[in-house]
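Chemist: Sequence:
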Amino acid sequence: MEENVPHKRSEFNKGTWTGEEDRKLAEVIAVQGARRWKTIANIAGLNRCGKSCRLRWMNYLRPNIKRGNITDQEEDLILRLHKLLGNRWSLIAGRLPGRTDNEIKNYWNSHLSKKVNQNEKQCGASARQGCKAQKRLAENAKEQVREENTSAGCEDSNMGFDVDEFFDFSNEEWVSRFLQV
DNA sequence: AACAACCTCAACCGCATCAGA
DNA sequence: GTCTGATGCGGTTGAGGTTGT
1 MEENVPHKRS
11 EFNKGTWTGE
21 EDRKLAEVIA
31 VQGARRWKTI
41 ANIAGLNRCG
51 KSCRLRWMNY
61 LRPNIKRGNI
71 TDQEEDLILR
81 LHKLLGNRWS
91 LIAGRLPGRT
101 DNEIKNYWNS
111 HLSKKVNQNE
121 KQCGASARQG
131 CKAQKRLAEN
141 AKEQVREENT
151 SAGCEDSNMG
161 FDVDEFFDFS
171 NEEWVSRFLQ
181 V
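Heads up, the first sequence is in the UniProt record's numbering, so the first residue is 1 and it goes up one at a time.
Everything labelled a hint here was simulated from the structure, so no lab data went into it. Treat the hints with caution; some may be incorrect.
Computed list of lysine to aspartate or glutamate pairs in EDC-like fashion (alpha-carbon distance at most 16 Å, straight line) [to be verified]:
no., residue 1, residue 2
1, Lys38, Glu74
2, Lys66, Glu21
3, Lys115, Asp72
4, Lys115, Glu75
5, Lys51, Glu21
6, Lys51, Glu11
7, Lys66, Glu103
8, Lys115, Glu74
9, Lys114, Asp76
10, Lys105, Asp76
11, Lys38, Glu11
12, Lys38, Glu21
13, Lys66, Asp101
14, Lys114, Glu75
15, Lys51, Asp72
16, Lys83, Asp22
If you're wondering where the values come from, they're calculated on a predicted model, not measured in any experiment.
Model the full structure from these sequences, guided by the hints.
Modeler: Put into structure tokens, the structure is as follows:
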């Protein structure tokens with residue numbers, strides 16, 4: 001049907017990965033490491049773009065990936081983090097070992113967004129404003145930390161610190177307190 | 001049993017940022 | 001300082017599965 005249409009887009013395979021493709025990709029990454037995805041795709045003989053290979057590895061083939069069965073604790077943490085950070089899926093995923101940003105994003109869109117919408121309807125407009133204010137507050141706080149970090153970091157390396165470390169949610173009490181503000 | 005409507009999630013796309021030449 | 005390719009991120013799509021009628 002489309003054989004005579006020389007679309008640049010049809011250059012690569014698309015769609016679901018086969019077991020064979022997964023195996024080839026994992027083999028090459030074991031040797032080359034998870035970088036230079038274009039090269040990896042070539043070496044593996046996969047007719048896939050580098051992006052596609054990276055995504056496949058990050059979301060499925062990487063070791064220590066947890067799949068399915070998001071626990072109540074994880075769900076609660078996602079809700080809290082989302083309240084705090086918004087749609088920063090990679091940041092949220094970073095706080096949930098073994099979970100990927102894509103999985104969390106999907107879980108949010110299919111499960112949690114509905115829950116949140118229902119809750120918001122119950123809480124009413126005032127609560128919504130509160131949520132927005134919290135989000136703004138968090139964004140401002142983080143931005144401020146970043147700015148301070150950059151400017152201070154230039155002059156005094158002791159002052160420099162990782163923003164992600166600063167926002168370490170492993171201490172849930174901190175998050176609770178922050179959300180109460 | 002057949003079909004439609006809905007849901008889930010793997011994968012793609014476009015854009016922004018980073019890093020090296 | 002600029003260019004270019006690589007990487008990362010979030011939004012979106014669509015195929016396949018499930019549920020309802």
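Chemist: What are the numbers of the hints that this structure violates, sorted from low to high?
Modeler: Those not satisfied are hints 1, 2, 15 and 16.
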